[in-house]
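Peer 1: The residues making up each chain are set out below.
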Amino acid sequence: MTNTAPAHTAASSNRKWAIGFTTVVAFFFLLNKFVLPEASGQVQKFFNAWFSLTSMAEIMIWILMALGLNIIVGYAGLLDLGYVAFWALGGYVAGWLMSPFLSSFQINFFGNARAGLEQGIHFHVFLVLILGGVFTAIWGIIIGGPTLRLKSDYLALVTLGFGEIIPQFMLNGADIGGLNVTNGSQGIGGLDDVNLFGYVIGTFALPEKFLMVSLMAGAMIFFSIRLRDGRLGRAWLAIREDELAASMMGVPLWRTKFYSYAIGAVGGGIGGVGFAILVGGVYADRFNFVISIIILAMVVLGGMGNVWGVVVGATVLAWINSIGLIQVGELVNNSFGTDINFPSYQFLLFGLLLVLMMLFRREGFIPEARIRMVMNEEKTEDLDKVSDETKIASN
Amino acid sequence: MIKSIKIGALAVSGALALAACSGGGDSASEVLVVGTDLPLQGASADASKSTNEVVALVLEQAGGKAGDFTVEIKEYDDSTAAKGAWDDAACAKNAQDHVANTAEVAVMGTYNSGCAKIIIPVLNQAGMLMVSHANTYPGLTVEWDKGEPGLYYPSGARNYARVIAHDGFQGTAAAQFLFNEQGVKTLAVMDDTQAYGIGIADAVQIEFERLGGTVIRESWDVKQTQGYTATFEKIKASGATAVYYGGIFDNNGVQLVKDKTTVLGDNTAFLAMAPDGFSGYPTLREMPEAEGLWMTFAGKSLDGIIKGGGAPAKFIEDYTAKYGAQPNSSYAVYGGVAMQVILKAIAASDGTRQGVLDAVFAGESLCLTAEESISGMGFCLSTETGDVDTVTMTLQQMLGGVETDVRTLDIS
Numbered sequence: 037m038t039n040t041a042p043a044h045t046a047a048s049s050n051r052k053w054a055i056g057f058t059t060v061v062a063f064f065f066l067l068n069k070f071v072l073p074e075a076s077g078q079v080q081k082f083f084n085a086w087f088s089l090t091s092m093a094e095i096m097i098w099i100l101m102a103l104g105l106n107i108i109v110g111y112a113g114l115l116d117l118g119y120v121a122f123w124a125l126g127g128y129v130a131g132w133l134m135s136p137f138l139s140s141f142q143i144n145f146f147g148n149a150r151a152g153l154e155q156g157i158h159f160h161v162f163l164v165l166i167l168g169g170v171f172t173a174i175w176g177i178i179i180g181g182p183t184l185r186l187k188s189d190y191l192a193l194v195t196l197g198f199g200e201i202i203p204q205f206m207l208n209g210a211d212i213g214g215l216n217v218t219n220g221s222q223g224i225g226g227l228d229d230v231n232l233f234g235y236v237i238g239t240f241a242l243p244e245k246f247l248m249v250s251l252m253a254g255a256m257i258f259f260s261i262r263l264r265d266g267r268l269g270r271a272w273l274a275i276r277e278d279e280l281a282a283s284m285m286g287v288p289l290w291r292t293k294f295y296s297y298a299i300g301a302v303g304g305g306i307g308g309v310g311f312a313i314l315v316g317g318v319y320a321d322r323f324n325f326v327i328s329i330i331i332l333a334m335v336v337l338g339g340m341g342n343v344w345g346v347v348v349g350a351t352v353l354a355w356i357n358s359i360g361l362i363q364v365g366e367l368v369n370n371s372f373g374t375d376i377n378f379p380s381y382q383f384l385l386f387g388l389l390l391v392l393m394m395l396f397r398r399e400g401f402i403p404e405a406r407i408r409m410v411m412n413e414e415k416t417e418d419l420d421k422v423s424d425e426t427k428i429a430s431n
Numbered sequence: 008m009i010k011s012i013k014i015g016a017l018a019v020s021g022a023l024a025l026a027a028c029s030g031g032g033d034s035a036s037e038v039l040v041v042g043t044d045l046p047l048q049g050a051s052a053d054a055s056k057s058t059n060e061v062v063a064l065v066l067e068q069a070g071g072k073a074g075d076f077t078v079e080i081k082e083y084d085d086s087t088a089a090k091g092a093w094d095d096a097a098c099a100k101n102a103q104d105h106v107a108n109t110a111e112v113a114v115m116g117t118y119n120s121g122c123a124k125i126i127i128p129v130l131n132q133a134g135m136l137m138v139s140h141a142n143t144y145p146g147l148t149v150e151w152d153k154g155e156p157g158l159y160y161p162s163g164a165r166n167y168a169r170v171i172a173h174d175g176f177q178g179t180a181a182a183q184f185l186f187n188e189q190g191v192k193t194l195a196v197m198d199d200t201q202a203y204g205i206g207i208a209d210a211v212q213i214e215f216e217r218l219g220g221t222v223i224r225e226s227w228d229v230k231q232t233q234g235y236t237a238t239f240e241k242i243k244a245s246g247a248t249a250v251y252y253g254g255i256f257d258n259n260g261v262q263l264v265k266d267k268t269t270v271l272g273d274n275t276a277f278l279a280m281a282p283d284g285f286s287g288y289p290t291l292r293e294m295p296e297a298e299g300l301w302m303t304f305a306g307k308s309l310d311g312i313i314k315g316g317g318a319p320a321k322f323i324e325d326y327t328a329k330y331g332a333q334p335n336s337s338y339a340v341y342g343g344v345a346m347q348v349i350l351k352a353i354a355a356s357d358g359t360r361q362g363v364l365d366a367v368f369a370g371e372s373l374c375l376t377a378e379e380s381i382s383g384m385g386f387c388l389s390t391e392t393g394d395v396d397t398v399t400m401t402l403q404q405m406l407g408g409v410e411t412d413v414r415t416l417d418i419s
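Sequence order for the protein chains is A and B. To get the numbering used here, take the position in the first sequence, counting from 1, and add 36. To get the numbering used here, take the position in the second sequence, counting from 1, and add 7.
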């Protein structure tokens with residue numbers, strides 16, 4: 037009984053969070069699909085300003101990314117500073133397989149090519165999502181293979197390098213031996229509308245787009261929880277807590293880390309495809325170091341290793357970045373007659389939040405039980421140490 | 008568990024009911040809105056602020072009206088502080104917001120061509136007019152890259168116009184000036200690896216090679232912190248006698264200009280030329296290494312507008328009186344010109360989006376006379392491409408720390 041109680045509590049907690057997530061998604065979908073089109077201008081204005089559906093859909097993409105990184109950083113404890121590379125790779129898979137860009141081909145596999153733009157490759161969105169995930173997983177393997185024998189700072193630096201190399205390749209990939217691979221800084225535009233077996237999700241079908249990316253995020257949440265609770269997940273957590281002890285217990289270190297890197301990359305790939313569909317294209321300018329850091333901050337602030345903590349962290353930071361600061365700024369300026377450009381203080385507020393979190397709640401908004409225990413252990417050890425030192429000094 | 012589900016269901020239904028009870032459909036607004044879509048964060052923030060002020064002043068001087076319609080402005084920000092520049096997600100969001108705002112009939116912007124690529128197709132499907140003051144990427148209106156410009160117009164009809172000549176013209180003018188007037192036969196063309204820079208460098212290269220010259224193509228990467236002396240050494244060895252900086256000064260231009268002088272000598276010893284991406288930067292003006300730099304500006308420079316006198320100069324005076332300083336850049340003035348086009352289109356319309364769009368793309372070309380335009384340049388917009396029919400290219404040279412107008416360039 038005592039052994040099953042924590043597992044039962046965790047399952048119950050997951051169920052509650054899942055219901056909460058589903059409720060929020062259902063609320064915004066139904067609201068935007070059926071209620072807001074008929075509501076008064078004021079109501080429409082309020083929701084468009086504070087909870088714009090485009091921004092809500094973007095938040096779902098950030099959740100996907102953060103959950104992908106959480107597998108690498110939160111579960112396996114590998115510091116990855118170049119996760120944006122996987123976002124870029126996923127995005128370009130969508131660009132290659134859902135647009136007229138590769139014009140020397142004319143392939144349409146259940147795709148939705150626009151009239152007059154039939155050249156190029158047009159695959160069904162499900163296939164592109166799968167291929168996006170597989171492609172980034174392969175890149176996770178290619179990157180992870182030679183680097184995962186490194187530890188801590190060294191690994192972080194190598195991932196940082198890859199996080200710079202891949203976006204730079206995308207930016208300069210308009211002429212690789214005479215071949216235009218990425219269209220360079222011009223990016224790839226004109227992505228096909230999603231066609232779900234006859235039901236076309238067009239440019240203005242925002243509720244459907246939101247639902248689509250929410251389902252993707254929901255699936256990622258489900259897999260993240262299942263993975264963590266499985267054999268592989270427990271091996272990751274063991275490595276994260278104590279690599280030497282895990283190795284002594286028979287956990288194959290390199291292979292287990294390798295899996296985390298490849299599986300974590302899938303989140304980036306699928307999110308990259310989803311984001312490209314939302315924006316209608318893929319543009320190399322987006323993929324910079326700051327994005328990697330923001331995703332990492334979402335994981336750390338939310339609660340490393342805790343799926344729901346990461347979801348909350350990603351939601352809060354993505355909302356602040358997208359509309360939160362602008363709206364709060366407008367509210368303050370209108371209320372007090374000031375003229376403060378709130379978004380320009382974003383990094384100041386962001387930095388302040390990080391410092392405060394590290395000082396008062398290092399384990400994140402919603403910490404994972406193990407991490408909370410470790411943090412508390414450290415605190416207790418520190419207190420013991422101080423107490424011992426005081427004793428020695430007084431003697 | 009059941010309790011949780013009940014609470015969730017109650018919350019959803021309660022919120023939906025609350026929203027639904029708030030009223031029925033909104034009646035059509037009598038005030039028409041023009042959206043401005045600019046990057047209000049990061050390096051372009053000052054230029055965008057100035058552009059918004061010019062646009063507001065144009066509307067104010069028109070009495071807040073276009074024909075019989077009352078017009079208001081709504082400012083949109085297509086940048087994020089996190090990026091410090093235009094952001095693709097912000098552009099996609101703004102595009103949807105423009106369409107969702109039923110009172111909005113046209114958009115003035117964008118500043119960045121990359122952002123325009125995202126917004127144009129969305130507005131196109133909603134039948135909304137967009138007029139840019141600063142997008143110079145040619146492919147937005149004319150055949151340039153694969154699938155362009157059709158890629159941006161899913162409905163098959165045009166909805167995008169711009170009041171400034173595209174890079175094809177600026178690159179052509181620069182190449183002809185260097186080859187025909189300066190006698191340059193081997194030219195080093197550099198780009199900053201970004202959309203604008205590559206576009207304009209391509210245009211220079213194409214025209215220079217067409218004239219019979221030889222082009223040495225190089226790039227400068229903004230992240231290359233160790234500088235560009237190695238690249239300039241390569242240019243020196245190639246036999247080039249001039250260099251063209253295809254890009255914007257923001258992209259590590261200080262280092263670029265310094266390294267060029269170190270390796271190749273000053274601009275009298277080794278000629279250098281830049282597009283309008285180097286225009287309007289006080290830092291560049293203060294650099295001794297920039298002395299003698301040739302520049303082009305697609306349109307009339309601010310200096311030229313003031314010296315031209317008349318109504319345009321008066322407008323700059325009014326702006327200065329109201330905001331305490333001159334407009335930040337010539338692009339800001341062209342923002343006002345784009346607003347003038349939109350106001351004229353609204354005045355000629357029935358107040359609907361389609362009516363405003365038709366005023367530019369159906370029937371006769373919409374024109375601004377030199378007397379009407381706050382830039383002092385008259386033009387008509389092509390109903391086929393949305394481009395201006397009159398191209399004025401100003402040749403400038405940095406003399407004594409001032410971007411001095413030399414003359415206008417003819418493009419053959």
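Where hints are given, some of them may not hold.
Mimicking EDC-like on lysine to aspartate or glutamate, the simulated pairs with C-alpha atoms at most 20 Å apart in a straight line are [as the list claims (entries may be wrong)]:
hint, chain 1, residue 1, chain 2, residue 2
1, A, K81, B, E60
2, B, K56, A, E366
3, B, K81, B, E60
4, B, K56, A, D375
5, A, K81, B, E37
6, B, K81, A, E366
7, B, K153, A, D211
8, A, K81, B, D396
9, B, K90, A, D211
10, B, K351, B, D412
If you're looking for bench data, these hints aren't it; they were derived computationally from the structure.
Peer 1: Decide, hint by hint, whether the structure agrees.
Peer 2: Each hint tested on the structure:
no.: 1; hint: K81/A x E60/B; result: violated, 25 Å
no.: 2; hint: K56/B x E366/A; result: holds, 16 Å
no.: 3; hint: K81/B x E60/B; result: holds, 12 Å
no.: 4; hint: K56/B x D375/A; result: holds, 13 Å
no.: 5; hint: K81/A x E37/B; result: holds, 17 Å
no.: 6; hint: K81/B x E366/A; result: holds, 13 Å
no.: 7; hint: K153/B x D211/A; result: holds, 14 Å
no.: 8; hint: K81/A x D396/B; result: violated, 40 Å
no.: 9; hint: K90/B x D211/A; result: violated, 26 Å
no.: 10; hint: K351/B x D412/B; result: violated, 30 Å
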